[in-house]
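Colleague: Fit chain B to the given chain A structure using the hints.
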Amino acid sequence: MGHGQQARVEIDGVSLAYGATPVLREVSVAIEPGEFFALLGPSGSGKSTLLRILAGFLQPQAGAIRVAGEDVTRVPPWERDIGMVFQNYALWPHMTVRQNVAFGLEERRLPRAEVERRVAAALELVGLGEFGARRPGQLSGGQQQRVALARTVAIEPKVLLLDEPLSNLDAKLRIHMRAELLALQRKLGITTIFVTHDQEEALSVADRVAVLDQGVIQQVGTPVELYDTPANRFIATFVGTINLLRGSLETADGNTVFRSEALGTLALAGGAASAGPAEIAIRPHAIQLAVPGKAPDGGRSWLDGTVAEREFLGEFVRYSVKVGTAELIVDQPHYIGEPGFPPGAKVKVGINSAQVKVL
Amino acid sequence: MKAIPLRLAIPAFAALTWSQAAVALLIAAFLLLFLIVPVVTVVYVAFVDGAGSFTLSHFGSFFSLSLMRESFWNSLIVATMSVVLASLIAIPLAYFTVRFEFRGALLIQTLGILPLIMPPFVGAVAMQLIFGRSGSVNLLLGEWFGFTLPIMEGLNGVIFVEALHYFPFILMNLVVALNNIDNSMEESAQNLGASGMRLFRRIVYPLAMPGYVAGAALVFIKVFDDLGTPLVLNQTNLLAPQAYLRITSVGIEDPIGYVIGVLMVLFSLVALWASALALRGREYATLQRGHGGLGRRRLRPWQAALAYGWILLVLALVLAPHLGILLLSLAKVWSFSVLPDSFTLQNYATVFEDSPRMIWNTVLYCGIAAGIDVLLGTAIAYLMLRTRVPAARSLDFMATAALAIPGVVLAIGYLRTFRGVELPFTGELVTSSWLLLVIAYTIRRLPYALRSCVAALQQLHVSLEEAAENLGATKARAIRRVVVPLMVGGILAGFVTSFMTAAVELSATLMLIPSQNDAPMSYGIYLYMQSAAGRGPGAALGVLAVAIVAIGTYLSHRLISGRAATEETRPVARLEALDGARAAGAG
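If you read the protein sequences in the order shown, they are chains A and B. For the first sequence, counting from 1, position 13 maps to 13 in our numbering; every step adds exactly one. For the second sequence, counting from 1, position 41 maps to 1041 in our numbering; every step adds exactly one.
Note that these hints are calculated values from the structure, not bench results. There's no promise every hint is true.
Among the chain B residues that face chain A by a calculated CB cut under 10 Å, a handful are [stated by the list, open to error]:
{"#": "1", "residue": "1300"}
{"#": "2", "residue": "1462"}
{"#": "3", "residue": "1463"}
{"#": "4", "residue": "1472"}
{"#": "5", "residue": "1478"}
{"#": "6", "residue": "1485"}
Beta-carbon label-pair distances, calculated as ranges [said to hold, decoys possible]:
{"#": "7", "chain 1": "A", "residue 1": "134", "chain 2": "B", "residue 2": "1388", "range": "35 to 43 Å"}
{"#": "8", "chain 1": "A", "residue 1": "183", "chain 2": "B", "residue 2": "1385", "range": "37 to 45 Å"}
{"#": "9", "chain 1": "A", "residue 1": "216", "chain 2": "B", "residue 2": "1388", "range": "58 to 66 Å"}
{"#": "10", "chain 1": "A", "residue 1": "137", "chain 2": "B", "residue 2": "1532", "range": "41 to 49 Å"}
{"#": "11", "chain 1": "A", "residue 1": "138", "chain 2": "B", "residue 2": "1140", "range": "56 to 64 Å"}
{"#": "12", "chain 1": "B", "residue 1": "1029", "chain 2": "A", "residue 2": "137", "range": "35 to 43 Å"}
{"#": "13", "chain 1": "B", "residue 1": "1194", "chain 2": "A", "residue 2": "216", "range": "33 to 41 Å"}
{"#": "14", "chain 1": "B", "residue 1": "1298", "chain 2": "A", "residue 2": "134", "range": "23 to 31 Å"}
{"#": "15", "chain 1": "A", "residue 1": "229", "chain 2": "B", "residue 2": "1202", "range": "54 to 62 Å"}
Over 10 Å on every C-beta distance to chain B, these chain A residues come out as not near it, computed from the model [as the list claims (entries may be wrong)]:
{"#": "16", "residue": "35"}
{"#": "17", "residue": "56"}
{"#": "18", "residue": "274"}
C-beta: ideal position from N, C-alpha, C; glycine also.
Bound-form chain A, shown alone (with noise of 0.2 Å):
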């Protein structure tokens, strides 16, 4: 079942409010063909608007969306051939699973054969073919959710909407189905606009991804530069985690050092920057803790700290410590038969420059 078309989807200055509360804000981006894009928004952020708005059971009050270069604002849900699979996949209860697949295809009046062709290939792709006959409630969670999509692809829509597509899983079979529903888009080729409040979920299968805060688009990237170069604090502390330092930036013999209260001084790599108030961004696990006294590394920035707590979290232990004023978060992998420090240590803390990223 190989679609062939891929469309390009533009959402052009798309905004829509409830009375005053506005929900988007002249949202724009464009989706290109054949790409596995994702929505990635706290709730409350207007991701699931704008999926219903692509679907058509919204209207936006301003803007416009493009599929393939054809402006479908005003075509009803209905004329759109845009596939949705729903968050609770909405399988219709009184009909089988095949009767479900072929529901599309019966509303676009092809010949018998064609539909049962289609409908036996689309269960086939999902794994159920031999679930025909069963009725939704006869089904689990996964496999009603390939039924969802089964029935989706089957009308070969130019796109694919999917509104939280793991969020009804358990956490193992999300992972697994998570693969499955990435293996599918690709072999299927079809423009694929997914919305989620997972971060993990978005950075692990999008081509790239547009995160969402109170209706306006933060940033639209891969998932490499939302981590690496987010473009604003809430990117920073939404994306993965994150210690925020307010601070100013300075210049002295061509070398930039940021300066703060909390902090003291830290020797930054590069001068590109400017002079002024600034605020810097360092992963937890870009920092390195370190016995008082043993050589210090010298790539790195050393300041004196104590921890304050820490929790171990499997694969490496997260540890608060305190330095001057401010307290950062600070991962160190574990590895058995290292004790780590106990909270009251004095510790170093080593700032690698290079992994400091100024906002």
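Modeller: Structure of chain B alone, referenced to chain A:
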């Protein structure tokens, strides 16, 4: 950037919104014409004099008549005492089912439905034969112990019959309320040191109270409105019979009838208001559902004996009118004897000869009324839950308000409002056509059908419909292929409820029936019961009515479970059917 009016947040597409608005307007017009205008007319007539200016003199003359004053107090006493007696029956039963682990629970559930299958006025005659001055029970008591009980004397009879008929409303509401109290609430109270009476007083009682009040208010309204039972028992010094008698004997101009109408509406409203007040802000009981229900205990032997004793006593009382009617329908003569002297099928022969037309009329009228009800119910539910038609909620409110309007009042309103109005084409008077009776049934039973439809649609997640649209079905096709098939259980339950309750409706029937020829079964039963000779055939017709209702219930159950053979709709359908049976007592 296109200029789209800021107002629209959800709305679909302009053309469709127009059709939605048209449907809403049509329903509003129907409710206005056949509910609001007639009731307002009754109120208006009660407060204006001949010259059309405001007056309280009608109320003055009402209260200056000693018969009216007596009727007023009698109605209050009968309604209140019925609530008290019904509570005495229902509260122990409810407590047994939810608190203890024993097999009687099923029996109690049956108890809850049984009385509702037969309208109270049908059973009233049988109750007189069993519990009356020279009825079976008192004959036996007199023979064995030398005393008798005045169970059916005067107002006692009305109270006794009504309480036995309507106690299930309290029982069911209370059981639901008690079941909604999560076990953890009780356990956390125990954990914090409360037990015994304190636990009951501080946790169980306040949480169960709203359910009880809702049931009690319903019983009060039903008893207050009932016209058939007092008439059959020949207790006419009550408000409903007085309104009926004034309008039918003095005439449609008599303002006293309207004053009574206003008073009856007023008391209904007060009862509904009280129950709304008790329920307000108390929905928490239903919000937190864990395992459901209080912790169950095993009964000790003496407790079990007590519980079963009470249940069996109530069961015997509840079955009495049913058995009595059956016996009466098969009796050649039954008076001044414990049991009929000899048995015959002659009564049934008489009924089949005399009244096939009545049976047909009942099926026709109630079928049309119930059909319109589910149509309106589905439309209002859809407008309210799925569209942004601004007045949809007020349609729901209007339709539900019919609950507060007694049948007698609605009928008086119709007779006055449509006086002299002719039907288009035929030129027949509206007031002398059976159509008006059908419309009265429709309006009176709309709240039941509406609740059924609303509940059914609420169970359907919007995404089921959206998924259909997403796959290419237009709104109309999505409704036809997904929404309606999934609602069918609720719609059918609504139909059955409306049909059954309309079939035993007497108050509006008595006042609106244009001629003997157009009479439905309920009227036939009443008519037969007026004469001693007619009791046998009347009882036979009553048995037939109960049989029709029972067969209808059974068939709809079969139909529902056959059509909606899915895990998700089945429990809903079952609930709705239960609701239907519950509401069936609204005779």
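Colleague: Determine for every hint whether it applies to the structure shown.
Modeller: Going down the list of hints, with the structure as the test:
Annotation: residue 1300 of chain B was flagged as interfacial toward chain A, and the flag is violated, the nearest CB pair being 42 Å apart, outside 10 Å. Contact between residue 1462 of chain B and chain A, as hinted, is supported at the beta carbon level, the nearest pair being about 9 Å apart and thus within 10 Å. Hint on residue 1463 of chain B holds. Least Cβ distance to chain A is approximately 4 Å, under the 10 Å limit. A least Cβ separation of about 4 Å between residue 1472 of chain B and chain A falls short of the 10 Å threshold, and the interface hint therefore holds.
Of the supplied interface hints, the one on residue 1478 of chain B holds, with its beta-carbon coming within about 8 Å of a beta-carbon of chain A, less than 10 Å. Taking 10 Å as the C-beta contact cut-off toward chain A, the hint placing residue 1485 of chain B at the interface holds, the least distance being around 5 Å. Under the hint 35 to 43 Å, the C-beta atoms of residue 134 of chain A and residue 1388 of chain B, about 37 Å apart, fit the expected range. Between residue 183 of chain A and residue 1385 of chain B the CB atoms are about 39 Å apart, so this pair conforms to the stated range of 37 to 45 Å.
In this structure the supplied range 58 to 66 Å is violated for residue 216 of chain A paired with residue 1388 of chain B, their Cβ-Cβ distance being about 27 Å. As the Cβ distance of residue 137 of chain A to residue 1532 of chain B is approximately 58 Å, the hint placing it in 41 to 49 Å is violated. For the hinted restraint 56 to 64 Å between residue 138 of chain A and residue 1140 of chain B, the CB-CB distance of approximately 58 Å keeps it satisfied. One distance hint, 35 to 43 Å for the beta-carbon pair residue 1029 of chain B and residue 137 of chain A, holds here, with the actual separation near 42 Å.
In this structure, residue 1194 of chain B and residue 216 of chain A break the distance hint of 33 to 41 Å, their C-beta atoms being roughly 52 Å apart. Checking the proposed 23 to 31 Å range against residue 1298 of chain B and residue 134 of chain A shows it is violated: the Cβ atoms sit about 42 Å from each other. About 60 Å separates the C-beta atoms of residue 229 of chain A and residue 1202 of chain B, a value consistent with the hinted range of 54 to 62 Å. Residue 35 of chain A, annotated as away from the interface, keeps every beta carbon of chain B farther than 10 Å; the closest lies near 21 Å.
Annotated as non-interface, residue 56 of chain A brings its C-beta within 10 Å of a C-beta of chain B; the closest such distance is 8 Å. For residue 274 of chain A, the non-interface assignment is confirmed: its Cβ lies about 37 Å from the closest Cβ of chain B, beyond the 10 Å cut-off.
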